[in-house]
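Peer 1: Here this note's numbering runs 40 ahead of the position in the sequence shown, where the first position is 1.
Check the hints yourself; a few may be wrong.
The calculated DSSO-like cross-link candidates involving lysine-lysine, where the alpha carbons are at most 27 Å apart (straight line), are [what the hints assert, rightly or not]: (1) Lys64 / Lys92; (2) Lys127 / Lys145; (3) Lys204 / Lys170; (4) Lys92 / Lys78; (5) Lys185 / Lys170.
Just the calculated beta-carbon pair ranges, DEER-fashion [as the list claims (entries may be wrong)]: (6) Asn91 / Thr183: 37 to 43 Å; (7) Met141 / Lys118: 32 to 38 Å; (8) Lys58 / His169: 22 to 28 Å; (9) Asn98 / Lys58: 23 to 29 Å; (10) Leu131 / Leu53: 36 to 42 Å; (11) Met62 / Lys118: 25 to 31 Å; (12) Arg50 / Asn138: 42 to 48 Å; (13) Asp188 / Leu131: 30 to 36 Å; (14) Leu177 / Asp48: 35 to 41 Å; (15) Val79 / Thr183: 33 to 39 Å; (16) Lys117 / Met141: 18 to 24 Å; (17) His169 / Arg134: 26 to 32 Å; (18) Ile189 / Trp101: 21 to 27 Å.
In case anyone wonders, no lab produced these hints; they're calculated from the structure. From the three backbone atoms N, C-alpha and C, an ideal C-beta is built for every residue, glycine too.
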Amino acid sequence: MSSHIFVDRRKELADLEKFYEMSKKGIYSGLILYGWRKVGKSTLIDFFLSNKPGFRINCAWISDPETFCRIIIDELKKLLNDVELVKELKLLLREERNPMMLLRKTFEILNEASDYLKDKLIVALDEFHKFIDKMSLRIARETNKRKDIVYNDILWMLKDIMEKKKVVAPSLSNG
41 MSSHIFVDRR KELADLEKFY EMSKKGIYSG LILYGWRKVG KSTLIDFFLS
91 NKPGFRINCA WISDPETFCR IIIDELKKLL NDVELVKELK LLLREERNPM
141 MLLRKTFEIL NEASDYLKDK LIVALDEFHK FIDKMSLRIA RETNKRKDIV
191 YNDILWMLKD IMEKKKVVAP SLSNG
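Use the sequences and the hints to build the structure in full.
Peer 2: Set out below in structure tokens:
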């Protein structure tokens, strides 16, 4: 958990708790926390995650599906104690050559992790807007496609993954 002071965020934390409980019932699966820089969005998510199955990833520096997959492997190892899903991700990382498919399959395994945990996994993607931008640029270069097309493909792929409603994915963006 963050070492930051948690002040005047009880209402927001309570709202996140309600959202999480509703997501367990299949009502919600994604949430975007949007606000100015340095107002405490990440700290709020850290407090929220402190007693739940999940993790927050700072995506600002991640620009390729391989790095994202490695981060997910490391986080799932902590939660799942190196079960088959982690082994599957490691194999996927070695064998999948299509960057878009690697990204999609990594997200699909997060859905499977919820099944394994028998609880709703929370994956908070901090700096989500930068993640999508950098990822689409990298994949566009590697696949000789236009960035705007890849950008939209990634968003549609995430919509498809999120509609399964197995993972709660709060995304954090700056205003």
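Peer 1: Now tell me if each hint is right for this structure.
Peer 2: Hint check results:
1. Distance restraint check for lysine 64 and lysine 92: the Cα-Cα separation of roughly 12 Å lies within the 27 Å cut-off, and the hinted pair is therefore satisfied.
2. The hinted pair formed by lysine 127 and lysine 145 meets the criterion: a straight-line CA distance of about 13 Å does not exceed 27 Å.
3. For the proposed pair lysine 204 and lysine 170, the alpha carbon gap of about 24 Å is at most 27 Å, so the pair holds.
4. For the given pair, lysine 92 sits about 24 Å from lysine 78 by alpha-carbon distance, which is consistent with the 27 Å threshold.
5. Between lysine 185 and lysine 170, the direct Cα distance comes to roughly 19 Å. Compliance with the 27 Å bound is thereby established for this hinted pair.
6. Under the hint 37 to 43 Å, the C-beta atoms of asparagine 91 and threonine 183, about 41 Å apart, fit the expected range.
7. Between methionine 141 and lysine 118 the beta carbon distance is about 25 Å. The supplied range of 32 to 38 Å is therefore violated.
8. Range check, lysine 58 to histidine 169: Cβ separation about 25 Å, and the 22 to 28 Å hint holds.
9. Separation of asparagine 98 from lysine 58 is about 26 Å and conforms to the stated range, judged on CB atoms against 23 to 29 Å.
10. Remark: the range hint 36 to 42 Å for leucine 131 to leucine 53 is upheld by a beta-carbon distance near 38 Å.
11. Taking the beta carbon of each, methionine 62 and lysine 118 are about 26 Å apart, inside 25 to 31 Å as hinted.
12. The hint said 42 to 48 Å for the Cβ distance between arginine 50 and asparagine 138, and at roughly 45 Å that hint holds.
13. Judged by the Cβ atoms, the range 30 to 36 Å given for aspartate 188 and leucine 131 holds: they are separated by roughly 32 Å.
14. Checked against the given bound of 35 to 41 Å, the beta carbons of leucine 177 and aspartate 48, roughly 38 Å apart, stay inside it.
15. Checking the proposed 33 to 39 Å range against valine 79 and threonine 183 shows it holds: the Cβ atoms sit about 37 Å from each other.
16. The given range of 18 to 24 Å is respected by lysine 117 and methionine 141, whose C-beta atoms sit roughly 22 Å from each other.
17. Separated by about 30 Å at the C-beta atoms, histidine 169 and arginine 134 satisfy the suggested range of 26 to 32 Å.
18. Our hint of 21 to 27 Å for isoleucine 189 and tryptophan 101 holds, since their Cβ atoms are close to 24 Å apart.
The structure does not agree with numbered hint 7 stated previously, though it agrees with all others.
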